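Chains as they are written, first to last, in this note's numbering: chain A, 841 to 1249; chain B, 841 to 1249.
Treat the hints with care, as some may be off.
Put simply, identical chains are the same to the list, so a pair is met inside one copy or across any two.
When the alpha-carbon atoms are kept at most 25 Å apart in a straight line, the in silico SDA-like pairs for lysine to any residue are as follows [to be verified]:
hint : residue 1 : residue 2
1    : Lys969    : Gly903
2    : Lys1177   : Ala896
3    : Lys1061   : Ile1210
4    : Lys842    : Asn1098
5    : Lys1162   : Ala955
6    : Lys950    : Glu1057
It should be emphasised that the hints constitute simulated quantities derived from the structure, not laboratory data. Note that the structure is a prediction, hence the values are computed from the model and not measured.
Below are the chains, spelled out letter by letter.
Number of protein chains: 2
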Amino acid sequence: MKTIVQKFGGTSVGDPDRIANVARRVAQTVRDGNQVVVVVSAMSGETDRLLGLARAFNAQPRGRELDVLLSTGEQVTIALLSMALEVEGIDAVSYTGGQVQILTDSAFNKARILAIDEEAVRQDLDAGKVVVIAGFQGVDEAGNITTLGRGGSDTTAVAMAAALKADECQIYTDVDGVYTTDPRIVPEARRLDRITYEEMLEMASLGAKVLQIRSVEFASKYLVNLRVLSSFADGGGTLITTEENIMEQALISGVTLNRDEAQVMVLGVPDRPGIASGLLGPVADANIEVDMIVQNSSADGATDFTFTVHRNEFDRTLEILKALSEEMGARGVQGDKRIVKVSIVGVGMRSHAGIASQMFRALAAENINIRMISTSEIKISVVIDEKYAELAVRTLHAAFGLENSPQSA
Amino acid sequence: MKTIVQKFGGTSVGDPDRIANVARRVAQTVRDGNQVVVVVSAMSGETDRLLGLARAFNAQPRGRELDVLLSTGEQVTIALLSMALEVEGIDAVSYTGGQVQILTDSAFNKARILAIDEEAVRQDLDAGKVVVIAGFQGVDEAGNITTLGRGGSDTTAVAMAAALKADECQIYTDVDGVYTTDPRIVPEARRLDRITYEEMLEMASLGAKVLQIRSVEFASKYLVNLRVLSSFADGGGTLITTEENIMEQALISGVTLNRDEAQVMVLGVPDRPGIASGLLGPVADANIEVDMIVQNSSADGATDFTFTVHRNEFDRTLEILKALSEEMGARGVQGDKRIVKVSIVGVGMRSHAGIASQMFRALAAENINIRMISTSEIKISVVIDEKYAELAVRTLHAAFGLENSPQSA
């Protein structure tokens, strides 16, 4: 008998009819011979309704009482889903984060899970019950209600799966899995059957918003098999797992596109130790996150320093750099908002040389100029002109044959 | 420094503006130098909204999960009121029934309070905080969420006042106190400054719906000073307390009117042991509650047996009695829905003879025929024709001088 944790988000439990649908899906999983723990979010719109009430007293609600307020959202859902399961003839019992003892730190509004007492859940499962748990919430050592921050229900599900050593943690969303790239850009984009944690983390951080990064990190740390599926359609979804569990490993798993960045350059900086920290220190102090960083070595004692920031921070960054560049005796500051970052991701590149040159060759064949390059162990990113965004994604998707299922490695 | 428990019902916290009003009132009580515990209900309409969601799955929702659902109503209010108090510059902390450990039995939907752990509340009060507690809810030994049933927030407030040995438990409602009778019938009706628990219990059970009977019983048992006040108007309200605390005791405290009853009679029942149980047993078995019961002794070996039931049960009761009356050889069954019960209530009648005859004389002077009489230690009730209802109430109110404040006893 397998133990399966199923997580349903706000859209999947958005009204009583949808909750009844979820109950039918859970009931089927039980009838298939599994022990099931269900983690649910607040009904869609409910969190915003509660925030609206709180804003009557504080434009930016936060702190302990906000968590007392918001945690009612999931509590409503667990009660309703348990009732819906009863209609399906399934014996169910609901738990709030406090009742199941999802112990967190005391960082209200963005708490982190420290431990889960899975004993009661295990007993209920062994007694033939479905256990319905409120996502997104926990309780600190002193008994205060905490919430995990946006997307926290995914984390609850993965943490519960880890605590129970569940066979699989299924995250039901409004997409039916993780794709090789955005199907709106490349119609041939293929749903991946399996993908490694590392690849999923790179894809998520690069803009493929299917899962919360934190829940994937958690799954990776505790080796939880994580599956993304659609609440509204059938299909096996995408399993996110360890490299060892993936028999047929492609060189490249996906192509991602990020339109949120902007490029800034400081030109002709006198080349001496400490330029990088001298330039980036003040930027970091202004709470601006820097993504890609490139520094060219120079022949004439001066160097060009290039990096990317979020487009929303572009103007502030330029302002800071202009002041700095004068102080440092640089030649000037330039910037460009009309760029995108295109990346290929795949654990296959660890063991295969030549992936980078294959990528650059494919882009060159389409006359796409590369403005920046950055690489990690399982990812290569390039910055290019915005106008080439879709062309670059289509070109790379085809160049690495992503429309075809991978062959055995 | 006094400790005061203040309870605000659903109408008083019906929207953010009203919650802000409550916060101002609480803040004033704090600034007047008191330690304050606030008990709140769900925002008006919220419980019905939640019940509506539950009815999607069960026409008559009940059991454990209903309490998980409904308890979110008060949890929303405690968070919002705590935020509103912060706006007033008051340090507040909220507790759900489970957090403050209002321990109840496991009778979901109608649980009874067994114990309260007031230690944390006492510490918060001593640290200068206002403690905001969710009414209506508790937790059983196993950690399940329970609710106390309708009106349970009053009980929470009184129980908390008892546990803290509070100086006063103030129940804020939409009326400004307890009146000598219904002011819509008698414009001269006077707000009572003080009334005993026993009188309040009689008045409540006779149809003066200001407080839940259970909360008055609780207050009486633990000698909690209970005050009924208006959330929307100023004024001292009515203090419900022990007889010893009432210096100026009137003979009679109030006149009540109950229009919900109907009278049934079994005529000419052969007078032998066991008639009462023979007639009332089957009625009780049908779950029909009987109120007043009168049996006349007879000269000719037959007796008339009269009692009252709720008007909604009139037809069912007549049906049962018709079958019984044939079996028992009675002369017949009669009934009348067009009757009312008028009562006078007052602890003064314990020590003063002649109250009953004074009452009957006053009614006779207005040609009001008395159909049934029933008395308890502090109450005399009569059943009369419905058409005399208002006249009887006005007559008795005047006969006992209720429009005037009582003199020292």
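Legend entry - lysine 1177 and alanine 896: within-copy, between-copy, both or neither at 25 Å Cα: Neither. Shortest intra-copy (38 Å) and inter-copy (51 Å) distances fail the 25 Å Cα cut-off.
Legend entry - Identical-chain pair category, lysine 950 with glutamate 1057, by Cα at 25 Å: within (16 Å within a copy, 44 Å between copies)
Legend entry - Status of alanine 955 relative to lysine 1162 across identical chains (alpha carbons, at most 25 Å): neither (48 Å within a copy, 68 Å between copies)
Inset, instruction - Classify it for me, lysine 842 with asparagine 1098: is the Cα-Cα distance of at most 25 Å met within a copy, between copies, both or neither? - result: neither (39 Å within a copy, 62 Å between copies)
Legend entry - Copy assignment of lysine 1061 with isoleucine 1210, given that the CA separation must stay at most 25 Å: This pair counts as neither: shortest intra-copy Cα distance 35 Å, inter-copy 83 Å.
Legend entry - Alpha-carbon proximity context of lysine 969 and glycine 903, limit 25 Å: Between copies, since 16 Å is at most 25 Å while 35 Å is not.
The structure fails hints 2, 3, 4, 5 (numbered hints given earlier, in ascending order).
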